Every structure is written in C-alpha cells, then in structure tokens.
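Dock chain B against chain A, hints included.
Just so you know, the sequences run in chain order A and B. Just so you know, we're using our numbering here: the first sequence kicks off at 1 and counts up by one. Just so you know, we're using our numbering here: the second sequence kicks off at 1 and counts up by one.
Just so you know, these hints were derived from the structure itself, not from any lab. Given the structure is predicted, the values throughout are model-derived calculations rather than measurements. Mixed in with the good hints there might be a few duds.
Unchecked claim - Estimated spans, in silico, between C-beta atoms of each pair:
#1 D185(B) with Q209(A): 34 to 40 Å
#2 L100(B) with N102(A): 31 to 37 Å
#3 A197(A) with D185(B): 44 to 50 Å
#4 L100(B) with A323(A): 27 to 33 Å
What the hints assert, rightly or not - Below, in silico cross-link-like pairs of lysine-lysine (DSS-like), each with a Cα-Cα straight-line distance of 25 Å or less:
#5 K249(A) with K175(B)
#6 K139(A) with K108(A)
#7 K346(B) with K264(B)
#8 K83(B) with K54(A)
Cβ atoms here follow ideal geometry from the backbone N, Cα and C, with glycine treated the same way.
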Amino acid sequence: MNKLMLSTAIAAVLFAGHASAQSRDTIQIAGSSTVLPFASIVAEEFGNAFPDFKAPVVGSGGSGGGLKQFCQGVGENTIDIANSSRPIKKEEIATCNQNGVNKIHEVKFGYDGIVFATSADQGEFKLEPVHVFKAIAAKVPVDGKMVDNPYTTWNEIDPSLPNQEINVAIPGSNHGTREVFQDNVIAAGCEAAELPADAGEEACETFRQDRVVEISGDYTETLARLQANPATMGVFGLSFYDQNRDTLKVATMSGVSPSLETVASGEYPVSRPLFFYVKGEHIGTIPGIQEYTEFFLSDQMAGAGGTLEGAGLIPMPEEERAAALKSFQDGETKSASN
Amino acid sequence: MTDITASSAASAPNRERIKASLRRRQAAETRFRAFGIGSVLIAVGFVVFLFSTILHDGLPAFWQPVVTVDVFFDPEIIEVDPKPEPLEGQSAAEFQRASLDWQRQVTMVNWNRIIQNSVAREAPDVELSAREIQALIESNERYRLRDMFVVSPGLLGSTVPLELLASANVDVWLKGDIDRSLGNDRQQLPEATRILADRFYEDGRIRMAFASTLFTNTDSRNAPAEAGLLGAFIGSLYMMLIVIVLAVPIGVASAIYLEEFAPKNKITDLIEVNINNLAAVPSIVFGLLGAAVFINYFQLPLSAPLVGGLVLTLMTLPTVIIATRAALRAVPPSLRQAALGLGASKSQAVFHHVLPVTYPGILTATIIGVAQAIGETAPLLLIGMNAFVTTLPTTPLDQSTALPVQIFLWEGNENRNYFEPKTAAAIIILLAVMLVLNAIAIILRSRFERRA
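Okay, chain A solo, but in the shape it has when bound (with noise of 0.2 Å):
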C-alpha cells in the first residue's frame, strides 16, 4: 500500500510538471456576463470556421471580474481576452502594467441597450431618469430639503406612474451594466432632481437599502426576482430581454421604447460600447488570438446583419467597425494616461 501511494504521489508530480511544461493550444476568455453570449457565439463558430485552431473557452464573472483576472499577469495560467461591457478604468491599467501586462489592445465590437422592465403582468412604466433616481436614491430632495426617500409606490414620484411598490433589482458593482446604469440613468435624473446645493456629491451615488437589491450574478437572478415578487422593477441587457419578451414588459425611457433601431440611432438614451481587451503579450504564443480577433470584428459576425445581430447585438457602423479592426491590426494599446 506505502508503495502505492508513493508511486501515485511521484506520478502526480511528474504529471504536473508535465502540464506546467505543456503549451496552451486553446484561449482563454472570462469576463461580463452582457458579452459572454456573443463571444460564445464567436468561439464555437470560431472552432467550425477555422479547423485549425481550437474553439476559445469563455467564462463569465462580470467585467470587473474577468479585468482582475486579465491583468494577474503574463503567462498559461491567466487569461488571453478579457470581455467588459465598459471601458477598462485607469486603476485597472495601472494594476496590469504592476503585474506585467503592458499591451492591453482594446477593441470594440458593438452595442447594447439597458433597459427596465417588470413582469410581463404588470402596469405600463413610462420613465424618466428623475423617476428612477427618486425611487432608488437614498436621500431625496423634498421642498428644498434633503430627507429620507419617502416613496413607496411608483405613482406616488409621478402621477402618470403606475400604483406598484418600489423594488428594484440593480446590477452589483462587478457589472459593467451597473456603471452605464449609474452614469446615464442615475447622473441624469440626479441633475433633473435639482438637489440643494449643499447635498454633496454622494447623494447622487446613494442608494436606500430597503427597496434595492443588488444583484451580482446573471441576469437570470434579476429575472427570479422578478418571478419571486412581481412587482420588483429589474435592469437587464437589452438582448436578454429580447430573448425573454414573453415574460418581461419593457418600460419606455424618456419616451422612447428600447429595440435595435432605437438603441442604434442613439435614440434611447441608455445605450452602451461592448468590448474585449486583448493581451497583447499572448499573442503568437497562445495560437489564433489575432485570428479569432478579426473573425469576431469580420461582417459575418459583429456586421450589420451578421451572426451576432441575430443574437441581440447591436451592431456598429461599418467605419466604426472597419476602425476598430485597423487599430487592432496596427497594434494599438491602452495605456493609463489616455
């Protein structure tokens, strides 16, 4: 049995001194869970299209997430691309060039649209940015004061708004969709609370606890919530909820109902850039990363009428497209002070 066991152990060494010594043939991508379904869609069609390289590997963790991960640093064991439904931050930067990470190539692949929507069974929601802040901040103005928020249904922030309690599930902070939902929907509806000048920059940034909940994982966790209690108000990614428009009843934002068209002509106001930011040190060690990166930008996939349009993307215009596949090509990268 002692023999056993010690053969055993010296096979596990062995073995995996074995793999440290092996080269990776496949890539690795982690990252936003909004873009985990379209870089998917590129992966598998990736691994048909090219019988040559094999099909990437993509996992989520929400943008922040998958930019830790990217920018651990250089070698097999971290990740080649990492996806983000926003832009990487300057502190991310700074954290990737400390652990080695010098060429991060961003490359911008599309749109997405953010919207609200309850339980298909619910009242009409036509909001406006004010109605979402007054509804989830913390602290509102109220005859020039700032008190405690007072709402506890819709109709009480605006007439026209239907009698349904507040309870609205939010992206967590690990989401890219959480930044966008924060600066073009909650700045907006900050400045159009016009809140006493001595209210302090936090007051926009402040949520209340007791009617938002915070969610970290996938989109499927809002949509529990809304099935658990069918009058929580969710934020979703536009293509999730297309793929879910029989139970979900979208909420029009400034006037203007979200759909590809309108999200592309920037109509609806709460629209985002999706990216992928690629390492550039991985590349030609870690095979068909440059490859993979052009079919994903190629009009088969993210052009207009492409795979990825059918799948809810949003696609951008062919200059911008052709301009985000040039700086790739060229070589481009992110530093922190640009």
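Quick look at chain B alone, frame taken from chain A:
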C-alpha cells in the same frame, strides 16, 4: 394475601396515580410516534415533490423536434474545387495543407442557402423569407451538411432525405413552453415560421425524436437545440478518476497509520482534530485554496479537470480518512490479538486480518466521498470551470466543465423558455449518475460482506 389486599386497598389513590402516570407515558409515546410519522411524511413529501417537479419539467426535454427534409446538394451553390488527393511526390505536410485549404473552402459555402432552398421546396405553396425558414432549422445543421460533404464529395448534385434538428425556439413553440396565445411582438418566432412549424408537425414532417444530442454533443450557444452534456460528463469522469486514484490510497493509508501504527501523543491528537475540522470546511474554501496553490503557484491550466480533481481530492480526503478510521476502530481487538498471538508481525496483522474486514466500510466511504465530489459546484467556479467549452476534453489538462457546473451554466442561459426544461433534464441525468454510483456501492458492499 391479606397483606396484598390490605396494601392495595390502602393504595387505591396510589393506583390512580400509577394509572395516570401510565396514561401520560403512553400519551407521550403516541405523541412521539405521531411526530415521527409526521416528519417522515414531510420528508417523503419533499422528496416526492422535488422528483415529480424535476421529472415533469425535465422529461419532455429528452425529446426534440426533427424536420425531415430532402436536402439537395445544389452544384450552383457548392462551388468548390475537387477534394485534393495525395499526389505523387507530395509530402504529407503539403497534402495536409491542401486538405485544410479545401476544407476552409467548403466551410465558406453558403450551406444555409442549401437548407433554405430545400425547406422551401417542402412547402412550395407559401411565400417565405430566408430568415423565416432559417428560424425553423437549428443553425449548426449547416455544419452537418458540410461534414457530410467533406466525407463524401460525391453527394454534389444529389438529393438526400435528412432529419434536420429544429431550432430551440421551434421546440419551445411546439411543446407550448411559451404562451401560444401571445401576440407577434412577444413571440420569438416570426408568424410564418410558427404556422409552418405547426403545419409540418401535423403532416408528420416534424416529429419528436429522442434527444440523443443531449448525450453526444458538447455545450452550444449558437445552436441551443444541439447543446449536450458529453463534454461536462467527460470532465466529471476525469475528476472522479483523479479523486479515486489520489484520495483513496492517501486517505486509507493515513487512516491505517493513524489508527494502527501512530503513537498516541499530542501531535497525533492535533492531526486528528485537524482532520475532523477539515471535513467541516465549506467546499468553497477548497476552491480558493485550489486557485491559489494549483493555478497561481504550480501554474496549472485554468478550467482543467486535473485541477478540479485535485481540489475535490482535498475535499474528499477527510471523509475517506474519518470513515476508514471508524471502520478500523469497529474491528474487535481480539482479531488483532489473535493474529499477534500466532506470531504475525504488526503489519501482517493489519494488512492480512484487520484491513480485509474493513473493505465494505472503506468502499462505502469512498463512494460517498466520490458522490459528494461529483455533485460539488462551488469550488469548481473558482478555478475557471464555469466556462463555455465546445470541444471535448481529450486529456485531464484540456479545458472542460463538469456536470453540476453545466447545470449552473444552463440555468443562467438567457433563453429561459428553452433552457429551463433542458436544465431539469441535465439534473435528471446527474441524479441518475449518482444513483448508479450508489447502486454500485451497495452491490460491492454486499458482495464483500458475504465474503467476510
């Protein structure tokens, strides 16, 4: 006699008291039995509820619609060079490059058009757009045509009756997983496609076939109807093998040493306490440990079953050690004494006489540990196994998922209507694997017990 009557007469109130106490005690017993039956009923009720909902949701997903189509390999669409043959004086590498080029050429053929034209011929009386037809057939079926053509280029110009997989949304529509009365704007399929699907279903051109893709394919996002569990199953299998190969010998050896050979002192006490504590450590902690040690320090690849197996081994070890020690402790000392008394050495006594008696116990411990490990998800999430993988892992170093992680991933898929039943089907398969494992454990144990 008189004494007894006297005393019993004297203790009439006493008897009352005894009777009352007896009643009380009997009532307590009845109450306890009622509680017992009640709790058993509640437990059974939960199990029945769980199984019936999972079976109710999941069983339909084992059948999926296929469309019988006469596929015409149209030479006007398939415009490719003849398949390269190995030429005289051509090196193997050159030939391989020529084949790859040719395959890429074949991939570029608009196979969707072939499918669209073939389906349109099945319903010549309706005007359908390419998109409306495309919504009927699962998008990856074009690669099936391509692969058929790559194998036999002679198909060019011929018509072959094929059963093509219907798309996930057609599946949802035909099974009624989406409310069929909803308006056009809330349906996933265009109206024309829905009518076409219903018509094909009625005249038998669409039939429900056994969903063998569930067992033969890996995960797919592009073609949800073709998503299967094979990749995850192989990943789980590799991990189980690693757990069995590592945890059983190490665990059993440590248990034997600690129980039979080690001196009883403070150090072994400390080790014992630690092992018991390790058994209670939440599995996610082992995931963190695995990420830090195996991936960051030993530089093992992300998402690899090898790392998953090592993490699960750490998690299973305490279970195996504790159960093996309990089994060893249950062996009567007389057995050891008899062996030693007849002149056996300490290790002869242990390995020839004590250990064989404990086989059933060790076996049970192993299977329980492995069954626990196969259902474990949390630690695997931290070592990158919650990834979308479309290739089959050929070695434990290739990227892969595991069965419970695949369930987790499908649960998070945005196409809720289609993936909810599919997730339940995956749960049924995972439960079946568990039941098989447990059945093997019971059979092996009863066999060993008979021999002992």
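Quick rundown of the hints versus the structure:
no.: 1; hint: D185(B) with Q209(A): 34 to 40 Å; result: holds (36 Å)
no.: 2; hint: L100(B) with N102(A): 31 to 37 Å; result: holds (34 Å)
no.: 3; hint: A197(A) with D185(B): 44 to 50 Å; result: holds (46 Å)
no.: 4; hint: L100(B) with A323(A): 27 to 33 Å; result: holds (31 Å)
no.: 5; hint: K249(A) with K175(B); result: holds (23 Å)
no.: 6; hint: K139(A) with K108(A); result: violated (37 Å)
no.: 7; hint: K346(B) with K264(B); result: holds (16 Å)
no.: 8; hint: K83(B) with K54(A); result: holds (23 Å)
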